[in-house]
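**Q** With chain A's structure known, arrange chain B on it following the hints.
First to last, the sequence lines map onto chains A and B.
The opening residue of the first sequence carries number 1157 in our numbering; numbering runs sequentially from there.
The opening residue of the second sequence carries number 1157 in our numbering; numbering runs sequentially from there.
It is possible that some hints are incorrect.
A pair counts as met if it fits within one copy or between any two copies, since identical chains are not told apart.
Said to hold, decoys possible - The calculated lysine to any residue pairs, modelled on SDA-like cross-linking and capped at a C-alpha distance of 25 Å, are:
1. LYS1432 / ILE1356
2. LYS1467 / ALA1488
3. LYS1319 / TRP1197
4. LYS1467 / PRO1575
5. LYS1564 / THR1233
6. LYS1193 / LYS1500
7. LYS1417 / HIS1366
8. LYS1406 / ASN1394
9. LYS1362 / ASP1576
10. LYS1322 / GLN1424
11. LYS1505 / GLN1383
12. LYS1438 / LYS1508
13. LYS1363 / SER1581
14. LYS1500 / ASP1435
15. LYS1561 / LEU1248
16. LYS1299 / LEU1407
17. LYS1196 / ILE1323
18. LYS1593 / SER1581
19. LYS1389 / LYS1500
20. LYS1387 / THR1359
21. LYS1399 / GLN1383
22. LYS1249 / ASN1230
23. LYS1257 / HIS1580
These are computed hints drawn from the structure, not numbers from a lab.
2 protein chains.
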Amino acid sequence: MSKSKVTGNSYDFSELFDFLSIPSISAQSVHKKDMDKAVKWLSSKFSKLGFKTKILPTRGHPVLFAQNLVAGKNKPTVLIYGHYDVQAPDPLKLWKTDPFKAVIKNGNIYARGAADDKGQFYTWIAALEKLYINDKKYPVNIKLLVEGEEEVGSENFISCLKKHKKILAGDICLVSDTHCLSENQPMIDYGLRGIAYEEIKVTTLKKDVHSGTYGGNVLNPLMVLTQIIGKLKDQNHNILIPKFYEKVRKLSLSERKELKKIPFGEAQIKKETGAKIVDGEKGFTVHERAGARPTLEINGIFGGYTGEGPKTVIPSDASAKISMRLVPNQTASEIHKKFLRFIKEITPKGVKIEVTLLSTSEPSLMKIDSKYFKSAEKAYKKVFGKIPLYELSGGSIGAVADIKKVLKIDSITMGYGLPDDGLHSPNEKLSIKMLEKGIKTNIEFLTNI
Amino acid sequence: MSKSKVTGNSYDFSELFDFLSIPSISAQSVHKKDMDKAVKWLSSKFSKLGFKTKILPTRGHPVLFAQNLVAGKNKPTVLIYGHYDVQAPDPLKLWKTDPFKAVIKNGNIYARGAADDKGQFYTWIAALEKLYINDKKYPVNIKLLVEGEEEVGSENFISCLKKHKKILAGDICLVSDTHCLSENQPMIDYGLRGIAYEEIKVTTLKKDVHSGTYGGNVLNPLMVLTQIIGKLKDQNHNILIPKFYEKVRKLSLSERKELKKIPFGEAQIKKETGAKIVDGEKGFTVHERAGARPTLEINGIFGGYTGEGPKTVIPSDASAKISMRLVPNQTASEIHKKFLRFIKEITPKGVKIEVTLLSTSEPSLMKIDSKYFKSAEKAYKKVFGKIPLYELSGGSIGAVADIKKVLKIDSITMGYGLPDDGLHSPNEKLSIKMLEKGIKTNIEFLTNI
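Excised from the complex, chain A in its bound form (with noise of 0.2 Å):
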């Protein structure tokens, strides 16, 4: 393992590249022995810092826990959060080059993790690095958290903190792990939506059966299936739930007013994802409806023949996997509540309906008056030149909202990707550029809270 050398203004990225070389995929059980390879790395990592490391075994991949409390108890302790584990980088014949053995081209850095999150939670490490070659300390106390399941949903994260709460306690968390808007323009997502994810399953039959000898006498599962579907959503795109919205937080103006500033907007939603057409729910903007407004959306729908050319059949069940976004206050147990019983509501006599609710995480807001947030702004003018724009996340942060429930504390999510680094997809990337204005940002921020 080659030494990371932080000297002035200059990098050595080599330990990084080490770092994206280990292919820590969660989802398989085949990378069980790379998981423990990425904690010990950090783990070793950490060590040399300064850090009493420790490794929080869960009933998935373990945790790694490090901290350095020597700045005192008149110093505010920061928690700061992370994820070692990737996604898996298929389909593989679209990257151009190894996604575990990274490559520098253009000014990026190309591998798996490279934006989420080996590449973003690395910001942290070098940014400590350097404060540790100078000083031999830091200015705050400091706790790291690096989890090895964001990626599969963060099951396990919840009740780790739970057990470790006492030695996890801290002012405040940090999470490199979402995006600026630009190169110049840093943003913070000061709300993460939750989510409640179903998959239903329509029966009617006890077999595959002949559609010429009983279709017209029996109830085809994708027919109802489609039925209670379309009884989901209106023409206008309002959720038909019954009290779906009723504890949904409604936006001050001046909140609506701010939220404008996003340049989240139709023609950016069009030429991202070749839209036609941009719709949604009335009386909100594109952005309000992407991050402060609940959505329900069918992820996917499977039963019946679907191979090559035409089979007559009538399937025995159909199925669909159907998420919806949660917005504060809503929770992911009241919404699963109340879907089920509108599902079973509306779904017809002689039908077998099955409602299983396969992952939630809670929507979360976080206080940005406090001088958290501040020292946040005031680090992101120093080396951006420009305060962070507040916006609320369409997406959901599983660990932000359980840090928040169990440890009582707001996350600041000071992301150093860009829009199209591509997370999840072929040729995932993390530009050199904002690595290296994450790392100075860091230690701004860390320097003068």
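**A** Coordinates of chain B only, in the frame set by chain A:
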């Protein structure tokens, strides 16, 4: 190859077992040689029975033609249709015995093709053999037409008929590829439905996108697809395609009364399919809905993530397979045009829609007051003790419609299967009692036209 012995009332089916042992699976190109083997088996057999044989090549698998016109011009000419191809035996693990090594168990022959159609067609081979052994000639002129693509849609059959129209001319066609109601109650399908089998594909995006980022702003093709499907039928099971029912033949009161004799009712459907509810178009009996009315069924839907667990994706496209069963006097091309026009009409703006007609066959209706049907009735009466019931079949036999269209003759569906033979399923069987009754009925029919 062992020679079957047909003496008195006892049969040696070893020759049928040879025929059943050939895995002539038309859908799988790996079985090309087996297809040829099956054709040669037939050709050799018919040569020994005094027929001139000819293998008619098509774009796909060949058609076997054989004729014996010794009876002379004053006698009628019967065309006997069958097919030598079989469905794939998948899923193999559900078979209790080798699908291509026939066994006799509890009075049944178990093998792929036992009922559909090798075993049933064999009733004609054995009948002809008996007649030939006794008289060295036949009481009528006989033409045999055995195709190899029935299980894959008989795509090349009609052009073969057209090409050889002259030599194929006859007075009536006989088809043993359906079933009796029970061992003691024969049944003739005097009507077969046609089909227009469509695939529709809805595209709203240029690539799969993140449902957290874009959900609520872009059109989800899965939602659009379900909305389109939801507009195809109303709550009362009426098909909403404009003018869809326009040409549908109306049943007379007497025909409806006759059809009521067929014991195809709610209880039977519930038992066979496990359906809790039997429901369909108002104002029609269960049997009328299955045979005399057109239907529209969804045979498959696919799009988005269909693997285990959650994935937060909005797919770029989604597809459905939709088949419509047609009755006289609808035509596949007329219904396809109406379907296409309606689908385009109900597709929302901003959505790309593609409609592909995967397969068609025309509906057919036989004139059962001809002397040939009377002869069939008498033959059944003699062997089964009962004349056949006449039903309108819910299924389609493309060849019957093709023969009617090109050769202008009706087919008598003298089926000798039973409802529980398990066509296209594992452990397909044919009752030996039915096989023997079939041979006798065929002999009666041929000798008493």
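**Q** Against each hint, give a clear statement of whether it holds in the structure.
**A** We went through each hint and held it up to the structure:
1. LYS1432 / ILE1356: So LYS1432 and ILE1356 pass the 25 Å test across copies only (19 Å; inside, 30 Å).
2. LYS1467 / ALA1488: between (40 Å within a copy, 17 Å between copies)
3. LYS1319 / TRP1197: within (24 Å within a copy, 75 Å between copies)
4. LYS1467 / PRO1575: Classified as between; 20 Å across copies, 43 Å inside a copy.
5. LYS1564 / THR1233: Close inside one copy (14 Å), not across copies (91 Å); limit 25 Å.
6. LYS1193 / LYS1500: Answer is neither; intra-copy 47 Å and inter-copy 55 Å both fail.
7. LYS1417 / HIS1366: between (57 Å within a copy, 23 Å between copies)
8. LYS1406 / ASN1394: Within one copy, since 16 Å is at most 25 Å while 44 Å is not.
9. LYS1362 / ASP1576: Answer is between; shortest inter-copy Cα gap is 16 Å, intra-copy 48 Å.
10. LYS1322 / GLN1424: For LYS1322 and GLN1424, neither the intra-copy (45 Å) nor the inter-copy (66 Å) Cα distance is at most 25 Å.
11. LYS1505 / GLN1383: both (13 Å within a copy, 21 Å between copies)
12. LYS1438 / LYS1508: Close across copies (24 Å), not inside one copy (35 Å); limit 25 Å.
13. LYS1363 / SER1581: between (38 Å within a copy, 11 Å between copies)
14. LYS1500 / ASP1435: between (29 Å within a copy, 20 Å between copies)
15. LYS1561 / LEU1248: neither (38 Å within a copy, 52 Å between copies)
16. LYS1299 / LEU1407: neither (34 Å within a copy, 82 Å between copies)
17. LYS1196 / ILE1323: The answer is within: 20 Å in one copy meets 25 Å, while 82 Å across copies does not.
18. LYS1593 / SER1581: within (24 Å within a copy, 65 Å between copies)
19. LYS1389 / LYS1500: both (16 Å within a copy, 22 Å between copies)
20. LYS1387 / THR1359: Intra 18 Å, inter 22 Å, cutoff 25 Å: intra and inter.
21. LYS1399 / GLN1383: both (21 Å within a copy, 23 Å between copies)
22. LYS1249 / ASN1230: For LYS1249 and ASN1230, the Cα distance exceeds 25 Å both inside one copy (54 Å) and across copies (71 Å).
23. LYS1257 / HIS1580: within (17 Å within a copy, 51 Å between copies)
Violated hints, listed in ascending order, are 6, 10, 15, 16, 22; each of the other numbered hints is respected by the structure.
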